[in-house]
Amino acid sequence: MTDLTHEPVAFSRWSGPRHVMSPPPAELVVELQAPTTFPAITLLLPTTAGSVMTPEDRVALRGLLDQARQRLYAGRVPAADDVLTELARVAEEAMTLSTASGLAVLTSRDGIRASIRLPVAVVPRVVVDASFATRDLVRALHRTPRHAVLALGSRQARLFEGAGDELRPVTGRFPITAAREQRRDPDRPGLARSDAAAFYRDVDAALGAHLRLHPSPIVLAGSPRAVAGFRAVSRHLARLAGTVEADVVREPLPSLARRVRPVLEQYLRSRQEEAFGLLERRMGSQAAVSGVAAAWLAARHERPEMLVVDESLVMPARLSPDGDFLEPAEDPEALDVVDDIIDELIELVLRRGGWIALAEPGRLTAHDGVALTLRTKAAQ
Numbered sequence: 001m002t003d004l005t006h007e008p009v010a011f012s013r014w015s016g017p018r019h020v021m022s023p024p025p026a027e028l029v030v031e032l033q034a035p036t037t038f039p040a041i042t043l044l045l046p047t048t049a050g051s052v053m054t055p056e057d058r059v060a061l062r063g064l065l066d067q068a069r070q071r072l073y074a075g076r077v078p079a080a081d082d083v084l085t086e087l088a089r090v091a092e093e094a095m096t097l098s099t100a101s102g103l104a105v106l107t108s109r110d111g112i113r114a115s116i117r118l119p120v121a122v123v124p125r126v127v128v129d130a131s132f133a134t135r136d137l138v139r140a141l142h143r144t145p146r147h148a149v150l151a152l153g154s155r156q157a158r159l160f161e162g163a164g165d166e167l168r169p170v171t172g173r174f175p176i177t178a179a180r181e182q183r184r185d186p187d188r189p190g191l192a193r194s195d196a197a198a199f200y201r202d203v204d205a206a207l208g209a210h211l212r213l214h215p216s217p218i219v220l221a222g223s224p225r226a227v228a229g230f231r232a233v234s235r236h237l238a239r240l241a242g243t244v245e246a247d248v249v250r251e252p253l254p255s256l257a258r259r260v261r262p263v264l265e266q267y268l269r270s271r272q273e274e275a276f277g278l279l280e281r282r283m284g285s286q287a288a289v290s291g292v293a294a295a296w297l298a299a300r301h302e303r304p305e306m307l308v309v310d311e312s313l314v315m316p317a318r319l320s321p322d323g324d325f326l327e328p329a330e331d332p333e334a335l336d337v338v339d340d341i342i343d344e345l346i347e348l349v350l351r352r353g354g355w356i357a358l359a360e361p362g363r364l365t366a367h368d369g370v371a372l373t374l375r376t377k378a379a380q
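Residue 1 is where the sequence shown starts when you use the numbering used here, and the numbers rise one by one after that.
Any given hint could be a false lead.
Stated by the list, open to error - Pair ranges (Cβ atoms, derived):
1) 328 - 283: 20 to 28 Å
2) 291 - 121: 35 to 43 Å
3) 375 - 270: 16 to 24 Å
4) 225 - 97: 53 to 61 Å
FYI, nobody ran anything at the bench for these hints, they're computed from the structure. Note that the coordinates shown come from a computational prediction; the quantities given were computed from them, not determined experimentally. Virtual Cβ for every residue (Gly too), placed ideally from N, Cα, C.
Whole structure, please, built from the sequences with the hints as guidance.
Here you go:
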């Protein structure tokens with residue numbers, strides 16, 4: 001096929017990562033949510049976790065490439081050949097790498113190109129739009145958020161950044177070692193407690209500095225005595241997800257990471273309940289709307305606070321010329337159709353300062369799968 005007249009696509013301009021481990025960094029998701037130049041192509045594929053992509057998954061990925069090619073050629077999209085060539089190149093590279101539960105492959109006419117391994121299963125689909133389909137990336141962040149693990153010993157503290165099932169050491173101010181052995185005097189038992197408290201205050205100051213730059217949930221790991229001693233003096237546990245009893249000197253990091261996961265999952269479940277509690281309060285004060293169309297209009301013109309959405313909901317739609325009103329579409333492959341208005345709604349709420357809660361399928365039936373709370377004067 002011969003493209004319509006266009007400027008060459010400069011993929012060398014993309015300074016982001018080419019292949020991203022699971023889960024994607026929040027800053028990358030934010031970057032990918034920005035509007036780009038049509039076409040932005042997103043391939044989403046459920047994969048079998050392993051050291052390399054299975055033959056079956058490779059066949060399925062090539063099938064998605066064929067679908068993308070057919071859609072762009074049918075629509076005589078400018079720069080189709082350039083974008084499709086790079087899309088195929090990134091996909092072929094991803095076929096040689098390790099896999100998780102899902103995969104996103106993205107390229108755009110702006111020169112963006114990336115493959116992202118996802119810790120959550122996805123519905124296989126091809127999205128061609130003016131922005132990338134990022135809802136599954138947001139869902140991955142919610143399911144396996146970046147987190148910090150503070151490993152506390154009696155004389156040393158180490159800090160790790162968690163991503164998926166990996167823990168990576170934080171350097172700089174960590175690890176921190178106590179300046180001296182705890183003093184022990186049978187006649188003055190307060191000396192050891194005083195030395196421990198001073199050590200943990202130093203650790204807390206370093207933790208606070210890290211969390212200011214990298215806000216995230218925190219998990220404390222260590223003996224019950226060490227964890228209790230640190231909690232007694234810490235001023236930076238507003239987002240404490242939980243604790244893990246561990247011998248932080250001897251336990252291998254992969255083992256500790258596996259034991260941290262259920263603590264995070266429980267924390268995320270509590271966040272979902274927090275979201276429903278907020279929704280109930282806002283509905284009672286008439287500061288919330290239900291349904292996709294009402295949420296879309298309110299997100300554009302009101303002050304969105306929190307969007308809670310059924311994580312399984314997908315809705316192709318057409319927008320009115322002024323962008324305020326939407327109509328569900330039965331022909332999602334048409335070029336004037338937004339492939340998934342739910343993705344666009346999530347991105348709109350995030351851009352306008354709101355936060356997102358993903359609900360388990362069926363929990364939002366009374367709200368047609370979507371509800372948006374609005375900032376009240378008391379909450380502003």
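Here is what the structure says about each hint:
no. : hint                  : verdict
1   : 328 - 283: 20 to 28 Å : holds (24 Å)
2   : 291 - 121: 35 to 43 Å : violated (27 Å)
3   : 375 - 270: 16 to 24 Å : holds (23 Å)
4   : 225 - 97: 53 to 61 Å  : violated (43 Å)
The structure fails hints 2 and 4 (numbered hints given earlier, in ascending order).
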